[in-house]
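2 protein chains.
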Amino acid sequence: MGFSFEVDRTAEGGGRRGRLRLPHGVVETPVFMPVGTAASVKAVPQSLLEEVGAGGKGTQIILANTYHLYLRPGHELVRRMGGVHRFMSWERPMLTDSGGFQVFSLSKLRKISPEGVEFRSHLDGSKHFFSPEHSMDVQIALGADIAMVFDECVETPATWERTRESMGLTHAWAQRSKDHFELHKDRVPWFSERQEQTQSLFGIVQGGMYADLRKESAERLVEMDLPGYAIGGLAVGEPREVTREMIARTLEHLPKDKPRYVMGVGYPDEIEEYARMGVDMMDCVLPTRAGRHGLLFTSQGRLNIKKKEYAEDQGPIDATCGCIVCRRYTRAYLRHLFASGEPLSAVLNSVHNIAFYLDTMERVRGDLERGAS
Amino acid sequence: MGFSFEVDRTAEGGGRRGRLRLPHGVVETPVFMPVGTAASVKAVPQSLLEEVGAGGKGTQIILANTYHLYLRPGHELVRRMGGVHRFMSWERPMLTDSGGFQVFSLSKLRKISPEGVEFRSHLDGSKHFFSPEHSMDVQIALGADIAMVFDECVETPATWERTRESMGLTHAWAQRSKDHFELHKDRVPWFSERQEQTQSLFGIVQGGMYADLRKESAERLVEMDLPGYAIGGLAVGEPREVTREMIARTLEHLPKDKPRYVMGVGYPDEIEEYARMGVDMMDCVLPTRAGRHGLLFTSQGRLNIKKKEYAEDQGPIDATCGCIVCRRYTRAYLRHLFASGEPLSAVLNSVHNIAFYLDTMERVRGDLERGAS
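The listed protein sequences correspond, in order, to chains A and B. For what it's worth, the UniProt record's numbering labels the leading residue of the first sequence as 1, then goes sequentially. For what it's worth, the UniProt record's numbering labels the leading residue of the second sequence as 1, then goes sequentially.
FYI, nobody ran anything at the bench for these hints, they're computed from the structure. C-beta: ideal position from N, C-alpha, C; glycine also. Hints may contain errors.
Claimed, not checked - With a cut-off of at most 27 Å between alpha-carbon atoms, the simulated DSSO-like pairs for lysine-lysine come out as follows:
no.: 1; chain 1: B; residue 1: Lys-127; chain 2: A; residue 2: Lys-308
no.: 2; chain 1: B; residue 1: Lys-256; chain 2: B; residue 2: Lys-215
no.: 3; chain 1: B; residue 1: Lys-57; chain 2: B; residue 2: Lys-258
no.: 4; chain 1: A; residue 1: Lys-178; chain 2: A; residue 2: Lys-256
no.: 5; chain 1: B; residue 1: Lys-306; chain 2: A; residue 2: Lys-127
no.: 6; chain 1: B; residue 1: Lys-185; chain 2: B; residue 2: Lys-258
no.: 7; chain 1: A; residue 1: Lys-57; chain 2: A; residue 2: Lys-258
no.: 8; chain 1: A; residue 1: Lys-57; chain 2: B; residue 2: Lys-57
no.: 9; chain 1: B; residue 1: Lys-256; chain 2: B; residue 2: Lys-185
no.: 10; chain 1: B; residue 1: Lys-111; chain 2: B; residue 2: Lys-127
no.: 11; chain 1: A; residue 1: Lys-127; chain 2: B; residue 2: Lys-307
no.: 12; chain 1: B; residue 1: Lys-178; chain 2: B; residue 2: Lys-111
no.: 13; chain 1: B; residue 1: Lys-127; chain 2: A; residue 2: Lys-306
no.: 14; chain 1: A; residue 1: Lys-307; chain 2: B; residue 2: Lys-127
no.: 15; chain 1: A; residue 1: Lys-111; chain 2: A; residue 2: Lys-178
no.: 16; chain 1: A; residue 1: Lys-108; chain 2: A; residue 2: Lys-127
no.: 17; chain 1: B; residue 1: Lys-178; chain 2: B; residue 2: Lys-258
no.: 18; chain 1: A; residue 1: Lys-256; chain 2: A; residue 2: Lys-185
no.: 19; chain 1: A; residue 1: Lys-127; chain 2: B; residue 2: Lys-308
no.: 20; chain 1: A; residue 1: Lys-258; chain 2: A; residue 2: Lys-185
no.: 21; chain 1: B; residue 1: Lys-256; chain 2: B; residue 2: Lys-178
Said to hold, decoys possible - With the C-beta cut set under 10 Å, the calculated list includes, among others, these residues of chain B facing chain A:
no.: 22; residue: Val-78
no.: 23; residue: Arg-335
no.: 24; residue: Leu-348
Produce the complete structure using the sequences and hints provided.
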């Protein structure tokens with residue numbers, strides 16, 4: 001209960017126009033999800049997230065990081081505050097990752113066993129242990145609409161043997177995630193008040209840069225009959241053609257009636273390309289992280305606002321963009337804010353970049369609606 | 001042209017309900033002016049400044065710092081961009097200080113002569129020279145509605161003799177500021193497009209913590225017949241009773257039909273007290289600076305959001321506050337943002353504090369309107 005996915009139309013290239021129905025609302029797909037790491041999309045007030053991009057419809061769904069919220073303020077605190085939606089005052093859909101990626105990329109002194117991962121916090125060095133069961137408990141306490149199975153993210157590059165071994169662990173952990181989730185999913189903070197609806201648990205296909213392993217991983221996960229499938233372990237340094245190839249080769253083995261989510265991608269042209277290939281969901285820190293570093297996305301390509309050439313440029317970031325930043329502020333002013341280290345710089349740059357990503361997906365949805373690929 | 005001040009009613013305590021008419025709009029007084037140091041009220045988007053506080057009427061007038069804008073991006077650049085209003089997309093009234101205070105508090109290796117001040121930039125150590133004439137040229141290029149004479153800010157504490165000497169320099173510089181301003185005020189960037197209206201130049205009363213010098217300074221400046229008078233050199237470390245006493249003893253000698261502006265104050269109870277004594281304008285970095293440090297102002301006093309006791313507090317910052325932050329976010333969430341170093345923390349804390357300051361003045365204006373002191 002609390003989950004459905006429908007596809008209205010599939011274009012020739014494989015792109016699908018559909019929608020996800022979740023306890024906190026409907027998400028038109030394909031969708032880009034801004035990342036709200038520690039229950040905040042960095043530097044952007046929730047009211048602006050709701051307004052900006054996609055013709056004023058704003059952000060449909062955001063992601064929050066289980067690892068960050070587990071460490072600070074703690075998932076039990078978030079549960080007592082009514083769950084992450086209420087905690088951060090965001091009543092639209094949300095998704096939490098499993099914590100796996102951050103455990104493998106941010107934390108220190110990891111010790112992996114079949115049971116789970118022992119690691120030290122990147123904040124204070126304190127010792128913690130994450131297992132599939134624990135990741136589920138944390139994600140249920142946070143209470144996003146969609147939770148993710150706990151997976152191992154293999155280092156890159158990795159040999160076929162190493163990748164297959166890691167993938168095996170991921171599959172075992174996916175099954176344990178599912179088993180634990182099914183037993184405890186009624187503990188989500190808003191279970192009673194939302195007519196006993198609860199979260200949905202998505203699987204994650206691994207298999208590194210090996211098409212045969214991707215196929216095997218997809219098939220193994222599909223056997224678990226989860227409501228949606230992510231493709232993980234991509235955009236970790238490999239060439240873009242490889243990312244694209246791995247996505248294409250994995251999509252072939254995923255069911256057409258379930259949402260497919262590529263984690264952690266990408267540049268605007270990438271999210272557009274993958275959406276047209278049949279990916280329904282994507283997330284990335286890029287619009288906000290790039291924004292904080294002065295990198296802006298436009299219909300004419302990337303623009304580095306710190307450049308001297310913009311010092312007296314009275315035009316907007318992107319003349320074809322209708323976002324509140326482009327309607328109000330000049331490149332000259334935005335360059336000044338960045339050069340002066342003004343905190344408003346991160347706010348405005350992030351708002352524009354998010355708007356640009358959401359507008360991109362709105363345009364792709366329009367094309368797919370008309371059957372154009 | 002482009003300036004008038006009217007007083008509707010004066011309460012028994014001396015507080016005045018009035019309004020300033022400036023080229024960029026009308027300002028209801030007494031008024032608090034948030035500080036937009038480098039053409040940005042730190043961390044707050046202009047659209048929120050326009051909406052927040054005073055029952056949704058928002059910020060009436062902001063201040064920008066001549067010293068900061070002179071160094072970066074440079075006043076000539078701002079002039080070419082159409083002046084500071086257009087540069088930052090703020091079409092409501094603005095005021096620039098003279099640069100004097102920052103030259104004396106921020107810059108390095110100052111060398112003061114009757115001609116002016118040589119100093120080194122706090123940013124890159126480069127050498128600069130500010131004279132009254134140069135401050136006027138810079139302020140005219142920036143083009144705020146109100147400019148301030150260039151004054152010397154004496155160190156504190158200072159002897160009577162040292163203070164009197166410094167005050168003498170300030171008076172000579174005020175006259176030179178006025179002479180230069182009168183000659184060049186038609187060079188303001190928006191002179192033609194605003195029917196040949198221009199800026200107004202306010203004087204600054206100095207005299208340290210000596211009532212006799214404050215009186216002498218006020219009288220000398222009043223002879224110069226400027227459209228408004230500021231009281232400078234206060235809130236620089238002296239006890240609050242002294243600040244209050246100096247304001248009271250200076251107000252006695254300032255004309256009742258001109259606006260009186262106390263620079264750089266203060267806490268909410270101070271701005272309320274001074275407004276009720278007859279001060280018409282005040283500015284301070286406190287709402288934004290305190291906000292960035294997690295200090296929030298409320299109807300129940302100050303609140304330090306970093307405290308553990310707010311970790312699970314589901315109430316708003318201030319239950320009597322109607323600002324967008326208090327309507328949407330809990331103390332628990334705001335504490336989490338601060339503790340996690342999230343950039344949104346500075347945005348939301350600053351927005352609330354500005355709203356609290358503006359609401360305070362709105363309430364005082366209401367009282368004065370009814371003749372209550």
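Cross-check of the supplied hints:
1. Lys-127/B / Lys-308/A: Answer holds: Lys-127/B to Lys-308/A is near 22 Å, not above 27 Å.
2. Lys-256/B / Lys-215/B: holds (15 Å)
3. Lys-57/B / Lys-258/B: Satisfied, since the Cα-Cα distance of roughly 25 Å is no more than 27 Å.
4. Lys-178/A / Lys-256/A: holds (21 Å)
5. Lys-306/B / Lys-127/A: holds (24 Å)
6. Lys-185/B / Lys-258/B: Given that 27 Å is the threshold and the Cα spacing comes to 20 Å, the pair holds.
7. Lys-57/A / Lys-258/A: holds (25 Å)
8. Lys-57/A / Lys-57/B: Holds, because 26 Å separates the two Cα atoms, which is no more than 27 Å.
9. Lys-256/B / Lys-185/B: Given pair Lys-256/B, Lys-185/B holds - Cα atoms ~26 Å apart, limit 27 Å.
10. Lys-111/B / Lys-127/B: At roughly 11 Å apart (the allowed maximum being 27 Å), Lys-127/B and Lys-111/B satisfy the hint.
11. Lys-127/A / Lys-307/B: Roughly 25 Å separates the two Cα atoms, so the pair holds.
12. Lys-178/B / Lys-111/B: It holds: about 23 Å lies between the C-alpha atoms, which stays within 27 Å.
13. Lys-127/B / Lys-306/A: Distance ~24 Å between Lys-127/B and Lys-306/A Cα, so the pair holds.
14. Lys-307/A / Lys-127/B: holds (25 Å)
15. Lys-111/A / Lys-178/A: Holds, at about 23 Å.
16. Lys-108/A / Lys-127/A: Answer holds: Lys-108/A to Lys-127/A is near 9 Å, not above 27 Å.
17. Lys-178/B / Lys-258/B: holds (17 Å)
18. Lys-256/A / Lys-185/A: With a Cα-Cα distance of about 26 Å, the restraint between Lys-256/A and Lys-185/A holds, given a limit of 27 Å.
19. Lys-127/A / Lys-308/B: holds (22 Å)
20. Lys-258/A / Lys-185/A: With a Cα-Cα distance of about 20 Å, the restraint between Lys-258/A and Lys-185/A holds, given a limit of 27 Å.
21. Lys-256/B / Lys-178/B: Holds. Lys-256/B to Lys-178/B sits at ~21 Å (cutoff 27 Å).
22. Val-78: holds (9 Å)
23. Arg-335: With Cβ-Cβ at 8 Å, under 10 Å, it holds.
24. Leu-348: holds (7 Å)
In terms of the numbered hints stated before, the structure departs from none.
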